[in-house]
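Participant: What follows is the residue order along each chain.
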Amino acid sequence: MNGWRAFFSLIRWDLAVEFRRRETTLNMCLFAVLLLFIGSYTVSQKTELIDTFGPIYYWIAIIFSGTVGLSRAFLPERENGAMAAIVTAPIDAGVYYLAKMMAVWLYVLVMSFMVLAAYVVLFDFEIYGQYSDRILPITVVTALFCLVYVAPGVLLSAMTVGLKGGEVILRILLFPLMIPVIIVVLSANPRLFTDPELAVTYTSPETAMATLGALAAIYVCACYLLFPKVVEE
Amino acid sequence: MSAAPSPSSAPEENHSGEVPAIEVENLWKKYGFRLALRGVSLRVSKGDCLAVFGANGAGKSTLLKILSSRTLPTSGKAMVFGKDLVKHKLEARTQMGVVFHESALRADLSLNENLKFYSSLYGLGGMSEATRQLIETLGLQDRSNEPVRNFSRGMIQRATLIRSLLHDPQLWLLDEPFTGLDPKGRELIAQVIRSQREQGRTIIFITHDLDLGLELSSSAIALKDGELAAQESESIRELLLEASSTEGGSKRA
Amino acid sequence: MKDAFKILVATVLVAALYMLPGFESLGARTKWLSGAGIFIALCFTLKSIPLGVHLIVGWALVIETLRQVCHDVPMKEIMLGESYLIFYFHFPSAITCLAMFLMAGGISFWQLKTNDLKWDQSAAACIELAVIACSITLLTGMTWAQAAWGRPWIWSDPRLLTVAIMWFTYMAYLMFRMAIDDPVKRARFSSVLGILFAINVPLVWYAIRLFGEESHPMELTMEGTQKEIMTYTRWYGAGAFFILYMALWRLRASSMRADAKCDQLEDAFMRQKI
Amino acid sequence: MNFDILLNTLVQGSMLLAQAESQTPAQPEPDFRGHVWLAYGFVIALLALFTLFVLFKLGKTQQRIDHLTDRFEKTHPSPGSGSNPPVSEG
Numbered sequence: 000m001n002g003w004r005a006f007f008s009l010i011r012w013d014l015a016v017e018f019r020r021r022e023t024t025l026n027m028c029l030f031a032v033l034l035l036f037i038g039s040y041t042v043s044q045k046t047e048l049i050d051t052f053g054p055i056y057y058w059i060a061i062i063f064s065g066t067v068g069l070s071r072a073f074l075p076e077r078e079n080g081a082m083a084a085i086v087t088a089p090i091d092a093g094v095y096y097l098a099k100m101m102a103v104w105l106y107v108l109v110m111s112f113m114v115l116a117a118y119v120v121l122f123d124f125e126i127y128g129q130y131s132d133r134i135l136p137i138t139v140v141t142a143l144f145c146l147v148y149v150a151p152g153v154l155l156s157a158m159t160v161g162l163k164g165g166e167v168i169l170r171i172l173l174f175p176l177m178i179p180v181i182i183v184v185l186s187a188n189p190r191l192f193t194d195p196e197l198a199v200t201y202t203s204p205e206t207a208m209a210t211l212g213a214l215a216a217i218y219v220c221a222c223y224l225l226f227p228k229v230v231e232e
Numbered sequence: 000m001s002a003a004p005s006p007s008s009a010p011e012e013n014h015s016g017e018v019p020a021i022e023v024e025n026l027w028k029k030y031g032f033r034l035a036l037r038g039v040s041l042r043v044s045k046g047d048c049l050a051v052f053g054a055n056g057a058g059k060s061t062l063l064k065i066l067s068s069r070t071l072p073t074s075g076k077a078m079v080f081g082k083d084l085v086k087h088k089l090e091a092r093t094q095m096g097v098v099f100h101e102s103a104l105r106a107d108l109s110l111n112e113n114l115k116f117y118s119s120l121y122g123l124g125g126m127s128e129a130t131r132q133l134i135e136t137l138g139l140q141d142r143s144n145e146p147v148r149n150f151s152r153g154m155i156q157r158a159t160l161i162r163s164l165l166h167d168p169q170l171w172l173l174d175e176p177f178t179g180l181d182p183k184g185r186e187l188i189a190q191v192i193r194s195q196r197e198q199g200r201t202i203i204f205i206t207h208d209l210d211l212g213l214e215l216s217s218s219a220i221a222l223k224d225g226e227l228a229a230q231e232s233e234s235i236r237e238l239l240l241e242a243s244s245t246e247g248g249s250k251r252a
Numbered sequence: 000m001k002d003a004f005k006i007l008v009a010t011v012l013v014a015a016l017y018m019l020p021g022f023e024s025l026g027a028r029t030k031w032l033s034g035a036g037i038f039i040a041l042c043f044t045l046k047s048i049p050l051g052v053h054l055i056v057g058w059a060l061v062i063e064t065l066r067q068v069c070h071d072v073p074m075k076e077i078m079l080g081e082s083y084l085i086f087y088f089h090f091p092s093a094i095t096c097l098a099m100f101l102m103a104g105g106i107s108f109w110q111l112k113t114n115d116l117k118w119d120q121s122a123a124a125c126i127e128l129a130v131i132a133c134s135i136t137l138l139t140g141m142t143w144a145q146a147a148w149g150r151p152w153i154w155s156d157p158r159l160l161t162v163a164i165m166w167f168t169y170m171a172y173l174m175f176r177m178a179i180d181d182p183v184k185r186a187r188f189s190s191v192l193g194i195l196f197a198i199n200v201p202l203v204w205y206a207i208r209l210f211g212e213e214s215h216p217m218e219l220t221m222e223g224t225q226k227e228i229m230t231y232t233r234w235y236g237a238g239a240f241f242i243l244y245m246a247l248w249r250l251r252a253s254s255m256r257a258d259a260k261c262d263q264l265e266d267a268f269m270r271q272k273i
Numbered sequence: 000m001n002f003d004i005l006l007n008t009l010v011q012g013s014m015l016l017a018q019a020e021s022q023t024p025a026q027p028e029p030d031f032r033g034h035v036w037l038a039y040g041f042v043i044a045l046l047a048l049f050t051l052f053v054l055f056k057l058g059k060t061q062q063r064i065d066h067l068t069d070r071f072e073k074t075h076p077s078p079g080s081g082s083n084p085p086v087s088e089g
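Protein chains in written order, with numbering that gives the first Met the number 0: chain Z, 0 to 232; chain C, 0 to 252; chain H, 0 to 273; chain R, 0 to 89.
Accuracy of the hints is not assured; some may be wrong.
Dumping the calculated EDC-like pairs for lysine to aspartate or glutamate here, alpha-carbon to alpha-carbon at most 16 Å [stated by the list, open to error]:
(1) Z:Lys163 / H:Asp181
(2) Z:Lys228 / H:Asp115
(3) C:Lys88 / Z:Asp91
(4) R:Lys56 / H:Asp258
(5) C:Lys115 / C:Asp167
(6) C:Lys86 / Z:Asp91
(7) R:Lys59 / R:Asp3
(8) C:Lys88 / Z:Glu231
(9) Z:Lys163 / H:Asp180
(10) R:Lys73 / H:Glu265
(11) C:Lys115 / C:Glu128
(12) C:Lys45 / C:Glu197
Reference listing, derived: stretches of chain H covered by chain C, where coverage requires no fewer than 3 residues with Cβ under 8 Å from a Cβ of chain C [as the list claims (entries may be wrong)]:
(13) 177-187
(14) 260-268
Partner residues are not named here, just some residues of chain Z that face chain C (Cβ under 7 Å, in silico) [to be verified]:
(15) Asn1
(16) Ala5
(17) Ser8
(18) Arg19
(19) Asn79
(20) Gly80
(21) Ala81
(22) Ala84
(23) Ala88
(24) Pro89
(25) Ile90
Calculated from the structure, these hints are not laboratory results.
Where a beta carbon is used, it is the ideal one built from N, C-alpha and C, also for glycine.
Just chain Z, with the same shape it has in the complex (with noise of 0.2 Å):
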């Protein structure tokens, strides 16, 4: 079928434009990186202040440098007026939709690894150790956070993008929407990061995979829904 032919070149070149220039990966890796190190003196290693104020970095680092990486989506294609070329061909606006949130949240994936990596490195969180049972629900909650704050944000990005000082504009508009995202991602913290007893009230992870998977399919199907309506002149 057309639709997914198209879907998967519109990801596979993409990421080839994305692998020639390594800006947008570059950036947001270099960003969330930086958070945590400044982070990571304001906790200076002492055991109870990691537990409460180390995740918090963790999904702000997250959070912010994704945005970087949002707010360079739409700009290659603008480049040399391909936009107008992708929007005039016989595919759907919303594979188009779908194509660029899922090669953004691949972006946000491999920066999200990095900073977990960082995290590791700069909260000594035992990986290995004591808590190597966590690795799991760590990355399925932080690809599920990343999807839900990448599905609005491609729309965001992309009404954005041609305004004067959009990229502000697109940070207004997209961090109210993800306050309650935040919420949930911050409650379940205690499961993830640190051993439970200490925590006065937490959720289990399964229900915070649950809240974001919900959330992040209706964005996207919302959004879909609306992409053609932002491209269509």
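Position chains C, H and R against the provided structure of chain Z, taking the given hints into account.
Facilitator: Using the frame of chain Z, we list chains C, H and R on its own:
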């Protein structure tokens, strides 16, 4: 077959029996307050070559944007090969090749990669034989693996033509293909247009170059302030002269 | 014919209101009175009344609610004392703000379908009024919280958080509208945003409800005839504020239409002069 | 719809209400905690300010439109120059 702008109820087939390439009826387009098109009606039959003239801001590129389904008309009907551009947008697009102001080639990819990317969008496998042959005639085959960023202006223009003819479209729309080219480049582009006309492709192109445009096309129209102003070449010539003279007086049409 | 259709819509809405669980437990007199109040409010809303009259009636009703709160309603509530009196302004603004955000989502959807700038102006006016109602809800909520809980803001309370998040999202919507100049593009992008944020409102409500513990007082504890008057004033205030907000919404929409027409004339005029 | 009439009817209306209130037997004024009264005052003031601001803005734009249409008529006696597209615009 001249482009008779008949605002009649336009039966499906015209006198020669098959569906006309383009059928536009009472087309309006409004950008906020500015009326870009005020009731344009046009009919172009298959195999025809139409040149569109007009001063800046007369609505030429708006008309082309609507025909290439890049923008929706505020009101009125636009049909390409019998398919309405608002309802059956996707089918109509498979038979259209469009050249915009910008090259629409991705700067980091090479020419071959760009062509592979766009051919997958149109649902084709690899590059068709006609495209490979076209690359030879335009002399791009030896540099087709370099990123498009290092191409010169003329080469990019030729590459854009190839991109738009990738899926062998019935209808070929060009938005000012000659601007910014040296005489040799313009002659090469004109030569490509002539060869495509022999293959029976319907072509519509926008240009400011009066003589080259009239010589290449079988029929011509001129737009003024969003309305169809002239059809015959003499009236187009004096319309453009009058437009260019007032252009000096910075009359924003 | 259009007015008859609007009256029909109003009756259906009020009938649906009767099915609400909270509404069931009220006394007969209050139910009828408040039902009639909201029915009239809806009729006013659906533009069957000229704007000037609508505005004056809205203001008169709100001042009448203030009079009722000063005199008719019992002074002290068992647990909360006088501070509970703010409830009569807090409750109407809260439900109006929620209703207007969702209404704006609907109007934005209709604007996308018909591509008519009139609906964009109406959606933008609706959101502006809803943001004012949201600010009023937050401020009155804070003053009440200051008296009742000793602290103006409790972060873990889901309702407070939902209203705060809605306030931030729709302030961002207004900022976004200011950033674009081309009216057609602004209309389409704002409509897309209006729908996306309207979808976000219920999401926020349920996502937070899972994780915050509820410290919002569910029902004001009163007894005997006091309860009758309290609920009457409460729903009377709801109708009054609803009419006033609708009047302000129509006023702001017509002011936006006038601005658009003024820009159009200036643009046409400027093009003629050169 | 002349908005000056609307404005002073509004002012008269609230004055009447205030007098009616003062005639009624003065009940013991409830000793409101300061902040509750403050909140009421704020809500009423905010909405009143918004109403007056929008009324004023609407009046000014209306005058600007009338001013422009007269100048438009003066310079173009011909009936309306740019005809609108058939679909009705807002």
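Participant: Next, verify each hint and record whether it holds.
Facilitator: Structure-based check of each hint:
1. Z:Lys163 / H:Asp181: Between Z:Lys163 and H:Asp181 the Cα gap is close to 13 Å, so the pair holds against 16 Å.
2. Z:Lys228 / H:Asp115: With a Cα-Cα distance of about 14 Å, the restraint between Z:Lys228 and H:Asp115 holds, given a limit of 16 Å.
3. C:Lys88 / Z:Asp91: 10 Å, holds
4. R:Lys56 / H:Asp258: At roughly 9 Å apart (the allowed maximum being 16 Å), H:Asp258 and R:Lys56 satisfy the hint.
5. C:Lys115 / C:Asp167: 14 Å, holds
6. C:Lys86 / Z:Asp91: Since the Cα atoms of C:Lys86 and Z:Asp91 sit roughly 13 Å apart, the hinted pair holds (cutoff 16 Å).
7. R:Lys59 / R:Asp3: Holds, at roughly 12 Å.
8. C:Lys88 / Z:Glu231: 12 Å, holds
9. Z:Lys163 / H:Asp180: Holds, at roughly 11 Å.
10. R:Lys73 / H:Glu265: 15 Å, holds
11. C:Lys115 / C:Glu128: The hint holds at about 13 Å.
12. C:Lys45 / C:Glu197: Holds, because 12 Å separates the two Cα atoms, which is no more than 16 Å.
13. 177-187: Coverage by chain C holds for the region 177-187 of chain H (3 residues, Cβ < 8 Å).
14. 260-268: Coverage by chain C holds here, the residue count being 4 at a Cβ distance below 8 Å.
15. Asn1: At 4 Å from the nearest chain C Cβ, Z:Asn1 passes the 7 Å test, so the hint holds.
16. Ala5: 5 Å, holds
17. Ser8: 4 Å, holds
18. Arg19: 4 Å, holds
19. Asn79: For Z:Asn79, the interface hint holds, since the closest Cβ of chain C sits about 5 Å away, which is under 7 Å.
20. Gly80: This hint holds: Z:Gly80 lies near chain C, its Cβ roughly 3 Å from the closest one there, short of 7 Å.
21. Ala81: 5 Å, holds
22. Ala84: 4 Å, holds
23. Ala88: 4 Å, holds
24. Pro89: 4 Å, holds
25. Ile90: 6 Å, holds
Hint check: no violations occur; every hint is consistent with the structure.
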